[in-house]
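Same order as they appear, the protein sequences are chains P and Z. Sequential numbering of the first sequence, starting at 1, is according to the numbering used here. Sequential numbering of the second sequence, starting at 1001, is according to the numbering used here.
Keep in mind the hints are simulated off the structure, nothing from the lab. Treat each hint with caution, since some may be false.
[What the hints assert, rightly or not] No more than 30 Å apart at the CA atoms, straight line, and that leaves these computed lysine-lysine pairs for DSS-like:
| id | chain 1 | residue 1 | chain 2 | residue 2 |
| --- | --- | --- | --- | --- |
| 1 | P | Lys3 | Z | Lys1077 |
| 2 | Z | Lys1145 | P | Lys3 |
| 3 | Z | Lys1145 | Z | Lys1077 |
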Amino acid sequence: MSKYDWLLFLHMSGAFLLLGGGAVAGTLNIAALRRDRPSEIVVLFGLIRIAVAMILAGGILAFVFGLWLVADSPWNYSYGDGWVIAAIVLLLVANALGALGGRRDDRTAQLAKELAASGDAPSPELNALVRDPVSLALSYGSGLVLVALLAIMIWKPGA
Amino acid sequence: MLAAIRPDSWNLPLFLHVLGAILLFGTTATIAIVGFAGRSQPTYAPMLSRIAFRTFLFGIVPAFVLMRVGAGWIVDKEFSNNEPGWVGVGFVVSEPGAILLLVMGILAWVASRRQGVGKAALTVPILAGLYLIALVVAWWAMTTKPG
């Protein structure tokens, strides 16, 4: 196997961790939407941290080895190609949306922890935060941007 | 970059195949995560076992179909007569892997019926972990194309 093959494998591993981690986070988030007890929401939001670690590791792998692949490509790709620039912009946008959504979710998790420690009774305030449309739009928007990024990687418009 | 330059007509099946494989990886990882969490936090095992079974039903099954249909479509276009060995690695993971997934789904159902306790609940995340390893082998073969 050539160096290029290994770079592609590591880049793809990053893509799997990045988008797969997004799928884990989305699945656990949907599960949290169906729960009312603060302690259960604490458990699910705690597990989402594993997904966040996957997303961060995957993002770094995909980015670093993606740039390396462009440099080592036998097809004369360049950092100035439109699809390469679009991919980098989409990765940054997805990160920004995910980070904003994650920050709001941290506040929700904190409230859930406090409520769990003081009787664990369902709370309308917590329910509203878990189902906050802005947080959901940011998190799921980030996932959709990543799917668009995958499409750009496959089609490579302009290459 | 996911592949070298290829005819445009290959892009949609490749996109569906890769998206399906990634979703399959993510949903299988979810089952492994909630399954092992259920073992370490028995209070929440009933909830986590239900999540595992629902993830199988509404996540793994459609993701597997998307991955497998995309795979068949792209193989038809790219190698209509003569499949190279690395394509076979993918089919080895997808076909016998489907049986493993089916067993995992049945056990996830049993575990959810038993409130997340018992041998079924222990076996589900282990099978999910094994399938994750098989998926890594498959994407290694698909990207490096050995031979």
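Broken hints, by number: Of the numbered hints given earlier, the structure breaks none, since each of them holds.
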